[in-house]
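Asker: Position chain W against the provided structure of chain G, taking the given hints into account.
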Amino acid sequence: MKYIDEYRDKSLVQGLVKEIKKISVKEIKLMEVCGGHTLSIQKFGIPALLPPNIKLISGPGCPVCVSDRKFIDQAIAYGRLENVIITTYGDLIRVPGSTSSLNEEKASGRDIRIVYSTLDALKIAKENPGKKVVFLGIGFETTAPGTAAGIINAEKQNLNNFYVYSSHKIMPPAMGALIDEGVQLHGYIAPGHVSTITGSGIYDDIPKKYGLGCVISGFEPTDILQSIYMLVKQIENGEQKVEIQYKRVVRPEGNLIAQKMMADVFELRPDWWRGLGVLPASGLGISKKYEKFDAEKNLDVVVEPTKEDKGCICGEILKGLKSPKDCKLFGKGCSPSDPVGACMVSHEGACHAYYKYNR
Amino acid sequence: MKGKQILLGHGSGGQLSHELIKEVFVKHFNTEELKLQTDSAILNIPGELISFTTDSYVVNPIFFSGGNIGKLAIAGTVNDLAVSGAKPLYISSSFIIEEGFPIADLEKIVATMADEARKAGVKIVTGDTKVVDRGKCDKIFINTSGIGVLNPEYKHIGTGEKITPGDIILINGSIGDHGMTIMAERNDLNISAQIGSDCAPLNHLISEILETGAKVRFMRDATRGGIATVLTELSEGRNYGLEIDEEAVPVKEAVRGICELLGFDPFYVANEGKIILVVAKEDAEKVLEVMKKNEFGKESAIIGKIVGEHPGKGWIHTGIGGKRIIDMLSGEQLPRIC
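Keeping their order, the protein sequence lines are chains G and W. Under numbering that gives the first Met the number 0, the first residue of the first sequence is numbered 0, with each subsequent residue one higher. Under numbering that gives the first Met the number 0, the first residue of the second sequence is numbered 0, with each subsequent residue one higher.
The reader is advised that the hints may include incorrect statements.
Claimed, not checked - Partial selection, computed: residues in chain G whose CB lies under 7 Å from chain W:
#1 MET0
#2 TYR6
#3 ARG7
#4 LYS9
#5 PHE43
#6 GLY44
#7 ILE45
#8 ALA280
#9 LYS355
#10 ASN357
To be verified - When the alpha-carbon atoms are kept at most 16 Å apart in a straight line, the in silico EDC-like pairs for lysine to aspartate or glutamate are as follows:
#11 W:LYS297 - W:GLU232
#12 G:LYS1 - W:GLU18
#13 G:LYS9 - W:ASP244
#14 W:LYS129 - W:GLU245
#15 G:LYS42 - W:GLU246
#16 G:LYS42 - W:GLU245
#17 G:LYS1 - W:GLU259
#18 G:LYS9 - W:GLU246
#19 G:LYS42 - W:ASP244
#20 G:LYS42 - W:GLU18
#21 G:LYS9 - W:GLU245
#22 G:LYS42 - W:ASP264
Hints were generated in silico from the structure; no laboratory data involved. Cβ coordinates follow ideal geometry from the N, Cα and C atoms, glycine included.
Here chain G stands alone, though its shape is the one from the complex (with noise of 0.2 Å):
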């Protein structure tokens, strides 16, 4: 398949390890922060083909792992208002909240549907007038825009019944917090869709304040293995900055007008991560101009409380500090069917990822 296949050539495969292997002498342990990285990786079996003091840990960048518990319980409760109509990523749908989770909402009745875009929530509004369509707005930069061009949209149709309920985050914060934490870092292989609306200059200060090289990668194998080579050489050199290897798709501008959608309608808030805690400016809420879209100012529920999981070492596993398999629950009391942390349930959870791929 064209654009796909060029990606994942073997011999340009084999040549890229061939190479890190030449200049790669150091221990070293890379973090992709995101989480499409993670299921990649394993997906495509990279860590098996990398020298042995080269070691990759997933981060942080699987929006649904690293969401509050209590944003699951909300959306439920909104689910069981009268007349809402949830509409969410599939991602959502099996994230155990704390008593129930929007399938099993879903199996004892409440309308709650899978869109693949918000446009396809705005459809689901404007058919149904007499309804109130909760969008659940989940992810990074990546997705943020997406909601955004939903509600100015729904601004221009004048729809009065369409909702964003936004857990939407950004990923700076959350790569400095790490460091912050004390986790033993040597580069991060940085989000290549993130960057794609950011530009690079999100990331300046990692390697200005904390030393580390920043490399934003594609996704494919060939991607993948040309960002370990790109900072294996800066740690070798001792040359840490920010590079893209993507460049196909991101440019160091960014996408301005996804940009100026997100200004518009997001502000900066403070944001709870699991794992980190509190971030200072980390989250996306809704802006003065456009709250009569916002879900938690417009429409009144009583969330259960949140109840978290014991046991389960999810935030540890998002910092980086131990691996999916340190866990006591993996494969026994976890698994993809039976999930109970939040990374075993998303396709991108390191937990699901390592699971499917590298038990």
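Answerer: Relative to chain G, chain W alone:
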């Protein structure tokens, strides 16, 4: 046939039911056993070991590129019998139909079933029809059960108890066609693709394989859950392991494309005309050759082998030279695909 749509009365057991049975089901299925209109069919079954299977079909949409719910209902049940090593003989078919369903559509489905049954060489000998209120079922659901006779020599094929390291794993063509066809045709996804379901009765292909006298150790049709699920069943809890060569597994370009777009892994996508089989190493080439001659096996390929190492686990050697484990599908990748 009077009227254009199914009424509750068509399931009442009275006049309308009789008309429907005569003018749709008996007309197309046309077997002596059905014509007798008895409460149960009396069957002549040669041999001693009987294979018996049942399956319900609820696919949405009911008509799709490459087939319809009726084709699935015959092929699925025929295949369940055939992969156990049995020769399928008789099929029952029960319909649950939503009030208001167009009779023309029902007839199309029934005609397809009759046609597929003829091709597969099985007889539809008994059935039932129920009609439920509008909204109580989605258009039409079909249950088929099937009976086949099993040559005792093939008794081990269903369980795979004779599999030994060194054996070869084969498949009869490209994976994921059915699941991605259904996905592309669902109304809520605007994808257009040149693909069709692989839905087909495979009993003739299977009997051609068995007639070669090859040592066939295992066969299973890879339906929901895709080939990853069958390969996991094939390895889990066993005293041998599997190794699969990802590049050797045929996947159509369009299927790969939709999978990439939607984030699916073709190994986990449903098929309706694909079998995974394990044969003794010395017979693999001979079996492959025979498979390739059948219309449902043209793209057959050797995809892996049974090994003595890593018992209970299957490894996939990825296209780029890495490796990863094979595991079963958890939860629903795509509901109501068959």
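Asker: All hints, please: hold or fail.
Answerer: Hints and how they fare:
1. Hint status for MET0 (chain G): holds, given a least beta-carbon distance of 5 Å to chain W, under 7 Å.
2. Restraint check, TYR6 (chain G) versus chain W: the minimum CB separation of about 9 Å is more than 7 Å; hint violated.
3. At its closest, the beta carbon of ARG7 (chain G) sits 6 Å from a beta carbon of chain W; the interface hint therefore holds under the 7 Å criterion.
4. The restraint placing LYS9 (chain G) at the interface with chain W holds, with a minimum CB-CB distance near 6 Å, inside the 7 Å limit.
5. For PHE43 (chain G), the suggested interface contact is upheld, since its CB lies about 5 Å from the closest CB of chain W, less than 7 Å.
6. For GLY44 (chain G), the interface hint holds, since its Cβ comes within 7 Å of a Cβ in chain W; the closest pair sits about 3 Å apart.
7. With 7 Å as the threshold, the beta carbon of ILE45 (chain G) comes within range of chain W, its nearest partner Cβ sitting at about 5 Å, so the hint holds.
8. Annotation: ALA280 (chain G) was flagged as interfacial toward chain W, and the flag is violated, the nearest CB pair being 31 Å apart, outside 7 Å.
9. Satisfaction of the interface hint for LYS355 (chain G) is found here, the shortest Cβ-Cβ separation to chain W being roughly 5 Å, below the 7 Å cut-off.
10. Checking ASN357 (chain G) against chain W: minimum C-beta separation of about 6 Å stays under 7 Å; hint holds.
11. Straight-line distance between C-alpha atoms of LYS297 (chain W) and GLU232 (chain W) comes to about 26 Å, which puts the hinted pair past the 16 Å bound.
12. Restraint check for LYS1 (chain G) and GLU18 (chain W): not satisfied, since their Cα atoms lie roughly 55 Å apart, outside the 16 Å limit.
13. A distance of roughly 13 Å separates the Cα atoms of LYS9 (chain G) and ASP244 (chain W); the hinted pair therefore holds under the 16 Å criterion.
14. This hinted pair does not check out: LYS129 (chain W) and GLU245 (chain W) have alpha carbons roughly 45 Å apart, beyond 16 Å.
15. As the CA atoms of LYS42 (chain G) and GLU246 (chain W) are separated by approximately 14 Å, the hinted pair is consistent with the 16 Å bound.
16. Taking the CA atoms of LYS42 (chain G) and GLU245 (chain W), the gap is near 11 Å; set against the 16 Å cutoff, the hint holds.
17. Annotation: proposed proximity of LYS1 (chain G) to GLU259 (chain W) holds, straight-line Cα distance about 12 Å (limit 16 Å).
18. Distance check on the hinted pair: LYS9 (chain G) and GLU246 (chain W) sit about 10 Å apart at the alpha-carbon level, within 16 Å; holds.
19. For the proposed pair LYS42 (chain G) and ASP244 (chain W), the alpha carbon gap of about 14 Å is at most 16 Å, so the pair holds.
20. For the hint pairing LYS42 (chain G) with GLU18 (chain W), the CA-to-CA distance comes to about 56 Å; that exceeds 16 Å, so the pair is violated.
21. Annotation: proposed proximity of LYS9 (chain G) to GLU245 (chain W) holds, straight-line Cα distance about 12 Å (limit 16 Å).
22. A C-alpha spacing of about 9 Å is found between LYS42 (chain G) and ASP264 (chain W), which places the hinted pair at or below 16 Å, so the restraint holds.
In summary, the numbered hints that this structure violates are 2, 8, 11, 12, 14 and 20.
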